[in-house]
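Keeping their order, the protein sequence lines are chains L and Z. Residue numbers in the first sequence follow numbering that gives the first Met the number 0, run continuously in steps of one, and reach 176 at the last position. Residue numbers in the second sequence follow numbering that gives the first Met the number 0, run continuously in steps of one, and reach 176 at the last position.
Bear in mind the hints are in silico, worked out from the structure with no lab data behind them. Check each hint, because a few of them may be wrong.
What the hints assert, rightly or not - Which residues of chain Z face chain L? A partial, calculated answer using Cβ under 7 Å: (1) THR23; (2) LYS27; (3) MET32; (4) GLN37; (5) ALA72; (6) HIS103.
Stated by the list, open to error - In silico negatives: residues of chain Z with every beta carbon more than 12 Å from chain L: (7) LYS33; (8) TYR91; (9) THR122; (10) GLU134; (11) LEU158; (12) ASP162; (13) LEU166; (14) GLU170.
Stated by the list, open to error - BS3-like mimics (lysine-lysine), calculated; alpha carbons at most 27 Å apart, straight line: (15) Z/LYS78 - L/LYS78; (16) Z/LYS33 - L/LYS33; (17) L/LYS33 - Z/LYS78; (18) Z/LYS78 - L/LYS81; (19) Z/LYS81 - L/LYS33; (20) Z/LYS81 - L/LYS81.
Only a predicted model underlies this, so the values are computations on that prediction, with no experimental measurement involved. For every residue, glycine included, the Cβ atom is placed at its ideal position computed from N, Cα and C.
Number of protein chains: 2
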Amino acid sequence: MNARDYIRSIPDFPRPGIMFRDITPLLKSAAAMKHVTQQLAEPWRDQNVTAVMAAEARGFVFGTPLAMELGAAFIPVRKPGKLPFETSAWEYDLEYGSDRLEIHRDAVDPGERVLLVDDLLATGGTMEACLRLAEQQDAEIVGCSFLIELTFLNGRERLQPYDVHSLIAYESEAGDD
Amino acid sequence: MNARDYIRSIPDFPRPGIMFRDITPLLKSAAAMKHVTQQLAEPWRDQNVTAVMAAEARGFVFGTPLAMELGAAFIPVRKPGKLPFETSAWEYDLEYGSDRLEIHRDAVDPGERVLLVDDLLATGGTMEACLRLAEQQDAEIVGCSFLIELTFLNGRERLQPYDVHSLIAYESEAGDD
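Looking at chain L on its own, in the form it has when it is part of the complex (with noise of 0.2 Å):
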C-alpha cells in the first residue's frame, strides 16, 4: 500500500497558487489508516517513547491513534483559551499576524520522552511551536514525525537539531512527487 495514493491534491486552496494536499481520502480508508499508523511509528518503535504530542486540529486525528500504536500517552496542544488548567503558551509569526499555541503545565512528566506529530511539515511554524512548549517543560524530545512534507518549503531546516521522519514527500508546488 503506498499511502501517497490516497492523497488528494487540489489547486488554489486556501488561495491562488497554492496545491492544497487534502488527506480526507486517507481518512476514509480504515486500511489506509491503519498503515500510516504503524508508518509513523516505525522510526520511534525502540526509542522509548512515553506520550505523543500534537496540534488541534489535523494533529489530533493521527495523534491519538499513534499513542495508542505505541502504548504511550497523548499531550493535546491547543488554541488560546482551549485548555482549562493552568497553561503555558508560545506565540509565533505567521505570513499575516501571529499564532500562538498552548498545553497545559502538568502535561509533561519528569522524564517524559516526547514524540511529536503532524499531518503536515509546510514552513515548519507549528512544529517548531509545539518543540518549544515541550521543551519549556524539560521533556526530552525524542523526534517529529509527519505524514506529508513539503520539502520545497525547508521547514524541516527549522526543526534542527531534532529527528524529523516523513512518509510522503511532494518536492514542488505542483508537483505529483
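On the provided structure of chain L, position chain Z as indicated by the hints.
Relative to the frame of chain L, chain Z by itself:
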C-alpha cells in the same frame, strides 16, 4: 478500570459557575484510552458501521481511534474554510451568535452507515449539526456515542430519534456523579 477516574473537574471554566470536565488526564493514560475506545465501540459492534464522523477538535481525539477499532472510515466535520473540496454546511445557534460546520460533499458513500462521536454531550448543538450534515448526504445513521454526558442539560432529547450512548454521566453541574 473506571473512565470517570480519569476526568478532572475544573470549576469556573470557561466562565463562573461552569464545571469543566477535563479529559486531558484520560488522554495521558494509554491504558485508559484503549479501554475507552473499546467501550465507545461496544454498543455498535454488530451494527455494520462503515464510517465514524466527528467534529473538530476534541471529537477528532476519539474519532480516529474509534473508526480504527470498528474497521470503519473516518469523516471529519470542520469549521468553515478548512476543507479544500466542495462542502455542505449546517449553521446552528449558540447562546450568543451562531456557528457553522462543514463536511466534504463526497464524504458519505451511498448506503454509508455512520456512527457519530464526540467527547461531550452538553446541550447537543454540535451533535445536532453533525446529524443534519449526515442526513443531508443520505447517510444511514447508526447512532451517537459520547464519552461524557451532562444529563441535566437534556441534550439527548435534541438528538431524537437516534440511539445515544455515553460512558460517563454527570447529573448536576458541580456534582461528582
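Q. In ascending order, which of the hints set out earlier in this document are inconsistent with the structure?
A. Violated: hints 4, 7.
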